[in-house]
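Sequence lines, in order, name chains A and B.
Mapped onto this note's numbering, the consecutive letters of the first sequence carry residue numbers -2 to 282.
Mapped onto this note's numbering, the consecutive letters of the second sequence carry residue numbers -15 to 266.
Keep in mind that the hints were calculated from the coordinates and are not lab data.
The beta carbon of each residue, even a glycine, is placed where N, CA and C say it ideally should be.
Quick list of in silico lysine to aspartate or glutamate cross-link-like pairs, DMTMM-like style, CA-CA up to 25 Å:
| no. | chain 1 | residue 1 | chain 2 | residue 2 |
| --- | --- | --- | --- | --- |
| 1 | B | Lys211 | A | Glu205 |
| 2 | B | Lys154 | A | Asp22 |
| 3 | B | Lys211 | A | Glu209 |
| 4 | B | Lys188 | B | Asp145 |
Reference listing, derived: stretches of chain A covered by chain B, where coverage requires no fewer than 3 residues with Cβ under 8 Å from a Cβ of chain B:
| no. | segment |
| --- | --- |
| 5 | 37 to 51 |
| 6 | 237 to 244 |
| 7 | 247 to 257 |
| 8 | 263 to 273 |
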Amino acid sequence: MANDPIITITGMSFSYALSDRPALDAIDLEIHRGEYVAVMGLNGAGKTTLGLCLNGIIPHMLMGQQTGTVRVDGHDPSIRVVREMARTVGIVFDNPEFQMSQVTAAEEVALGLENLGVPTVEMPDRIARALRLVGLDGFEDRAPMGLSGGQQQRLAIASVLVMRPSILFMDEPTSNLDPLGKDEIFEIAQRLNRDEGMTVIVAEHEVEVLAEYADRIIVMHQGRIALQGTPAEVLSQVSALSKLGLRSPQVTEFSQALSGPSGHLPITTDETLRWLKDRASRAPA
Amino acid sequence: MISLHEASYTYPNGGVVALDSMSVEVGEGEIVGVMGQNGSGKTTFTKLLNGLLRPTSGSVFINGRDTSRYSVQALAPHVGYVFQNPNHQVFANTVAEELAFGPLNIGHTPEEVAERVAEAAEFFELGAIMQLHPYRISFPMRKLVGIASIFTMRPQVFILDEPTTGQDHKTSSVIDRLILRLGERGNTVICVSHDMPLIAHVTKRALVMWNGKLIADAPPREIFSDKLIMERTHLTPPQITQLSMRMPGRASRPGALSIAELVASVRSEAMGDPILPRSTHI
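Using the sequences and the accompanying hints, generate a full structural model.
What follows is the structure in structure tokens.
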């Protein structure tokens, strides 16, 4: 995995037209095939812009000043047409309702295939498989607007999976969902990553969730990468994150408050219980 | 301030009972959390409060007014509803105009409106952006503008629908403080949210909805510590509450609500102080 970059971004800057500051500022980033990467940062830090550069929406559809290079699974998104990039990168946004346009769930999923000119005979199998991957088998004839928020978001994921992308970028996919819907989305993302070998990139605020799932966390601040590393490396930097307006998992902040910012801090509840046990056994009688 | 007596609501087509005989009283200055999965009845409850829906049986009183006798417009000065997505709410050309719209619309004098707008600008610290277009400011700021534009109507009751959704940590903590300050002013705040740390931080009382029914009305500490309710409603307590309840020797005690509280409790035990002072203000 370490030697197989699927995304290579070099010296990438981008400023939206009419904006006086860069949305991305000299980004260098490599993401490996099969990696699960979480992107954190305040609203406006550049998380969404980064995603839009991967599938060519930037610079093809959103105008601005771009420098640097982006390679995504062997393609240059600034040259390849956006429709074709959809075979490589699937993007899912925070509000699935905006992505729904068809009368039935199956038609919703078929739309991407039609845009790619996939032969009609191939479609039913691919649609069925995409719906199965998100746990919506049997929902073929349901109306997208009649689905719950969580089901709509899963349908939005199926609509990009059907194009067989190697990368899935999800931009705050659960911010409009209830707790049940949230859990389902993260379970699907984990399954796609682990069982299907997909590279998954998720922009997300909920650090407790990221601590459980991500291989690597990238922290963006004002268009730059401010911190990156394994969840343990990044999330245990309680004060650095706090300076960026972000926070660590509650259990990590708790551990730091007990022990001071020294050494390794736990980032999940299970780790914290072990950490407390170790600490108790080391404490002087 | 708010009084529901066996209020039910059945949607006209399909006959789904969205709210089933809910009785609750909420007083002045109370901040009350409302939790539950989508479809549990939370939204129907809030729509009964602002008069968008009338109970099909039972009664709903706001500030002494029977909502079935008042129009939504007549209730608007008493109950302010802040939408989850500010984009569904803001529409004016500048933030200042946005804040002025409500009170102008119900016929207040320009002087009165100017005074209210100035008060809101100060309370929400919007001074620097008053002349900007609402779509030229960041999403979190737009959220504040959405709340501020209800504030200028000077309602007694604020209904906040998922106030922290889509917010980063920085803005979420601004909203936390804002809710507490509304309570301090004597406003009643109904805070509908899936954000459990928010509920733990700002409320002393929370309602849990399930299948159209109010199944719990208690301090959040009790609710988060009630495994049956948590399981049944698929809600998850804040991580710090979960940790405290899994720590050795604490299983039978109510969970901690904040990091500071659990730290203080662990420290006082380390000093040989066996009983945790269960203050909610640390």
